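> Modelling step: build the complete structure from the supplied sequences, incorporating the hints.
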Amino acid sequence: MRYLLILHKGLRADVDALSAAREQDPQGDAAKEYVAVIKALIALQEGREAEYGGKRLTSGPSSYDLRDCAELKVPVFDEYKDDGWPLGPSHRLTYREFDPLPRVEDGRVVADPDAQPYRHVVAFVHRADDPAAVTGDRLGRTRGLLEPELHGLGGGERPSVGPQREGAPTTPHRIPVPGDLLKAAQILRDSPPAGTAPKPAAAPQANVSRPSAPGTSKSKDR
-6 MRYLLILHKG LRADVDALSA AREQDPQGDA AKEYVAVIKA LIALQEGREA EYGGKRLTSG
54 PSSYDLRDCA ELKVPVFDEY KDDGWPLGPS HRLTYREFDP LPRVEDGRVV ADPDAQPYRH
114 VVAFVHRADD PAAVTGDRLG RTRGLLEPEL HGLGGGERPS VGPQREGAPT TPHRIPVPGD
174 LLKAAQILRD SPPAGTAPKP AAAPQANVSR PSAPGTSKSK DR
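Position 20 of the sequence shown, counting from 1, maps to 13 under my numbering, and the rest follow consecutively.
Derived by calculation from the structure, the hints in this document are not laboratory data. Just so you know, these numbers come straight off a predicted model, no measurement behind them. Glycine included, every Cβ here is placed at the ideal spot set by N, Cα and C. Treat the hints loosely; a few may be bogus.
Simulated DEER-style distance windows between Cβ atoms [stated by the list, open to error]:
#, residue 1, residue 2, range
1, 77, 167, 38 to 46 Å
2, 103, 176, 15 to 23 Å
3, 144, 100, 29 to 37 Å
4, 102, 77, 57 to 65 Å
5, 171, 77, 44 to 52 Å
6, 136, 176, 23 to 31 Å
7, 97, 142, 23 to 31 Å
8, 133, 9, 40 to 48 Å
9, 105, 171, 16 to 24 Å
10, 108, 145, 19 to 27 Å
Here you go:
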């Protein structure tokens, strides 16, 4: 299954900064982060998240309510404990998943069997920099408070299975497109496929460009 990607403005700014840094130093850490995040975004777009470790996120009394989110564990840097034991994937990519939009026929709203679901990608952060806090802040949530619109969400439904734990839910609950992203979702739905015609100037980027080989070349807004 393929998904339409909506990138949070903060994430887009982060990726743009990594791209610019990669141009300056194609062998540097930022270049490695840029290549890793682009590959992970393409995996999300193509429904290949099970190639990564990951988990569905949750809530807690001292954390943000992220029950509608999941994370990919993205390897970028090889890092080790003092005893030489590997620390595992260095970065986290957090995202949400939304239902496809219906279409209107003769004044009636009907399901579109060809419509694609959405993934809203929020943050790409080193695990030491509190990815959950960055995600919660970018989604406008408050630490320690449950979101009323997420009432009833828990674990269990329609899991994808990642490589780290057999049967563990690793994809988000799929929910309706929230109102603040409805316009972006409609633009993506109505844009022609890549390569057939230019997108409207106001359209968010629906497709993720694959990076060229290495060496060749944060926001609160939802």
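> The structure should be examined with respect to each hint, and the outcome stated for every one.
Results of checking the hints against the structure:
no.: 1; hint: 77 x 167: 38 to 46 Å; result: holds (41 Å)
no.: 2; hint: 103 x 176: 15 to 23 Å; result: holds (21 Å)
no.: 3; hint: 144 x 100: 29 to 37 Å; result: holds (32 Å)
no.: 4; hint: 102 x 77: 57 to 65 Å; result: holds (59 Å)
no.: 5; hint: 171 x 77: 44 to 52 Å; result: holds (45 Å)
no.: 6; hint: 136 x 176: 23 to 31 Å; result: holds (29 Å)
no.: 7; hint: 97 x 142: 23 to 31 Å; result: holds (24 Å)
no.: 8; hint: 133 x 9: 40 to 48 Å; result: violated (22 Å)
no.: 9; hint: 105 x 171: 16 to 24 Å; result: holds (19 Å)
no.: 10; hint: 108 x 145: 19 to 27 Å; result: holds (24 Å)
Violation of the numbered hints given earlier is confined to hint 8; every other hint is satisfied by the structure.
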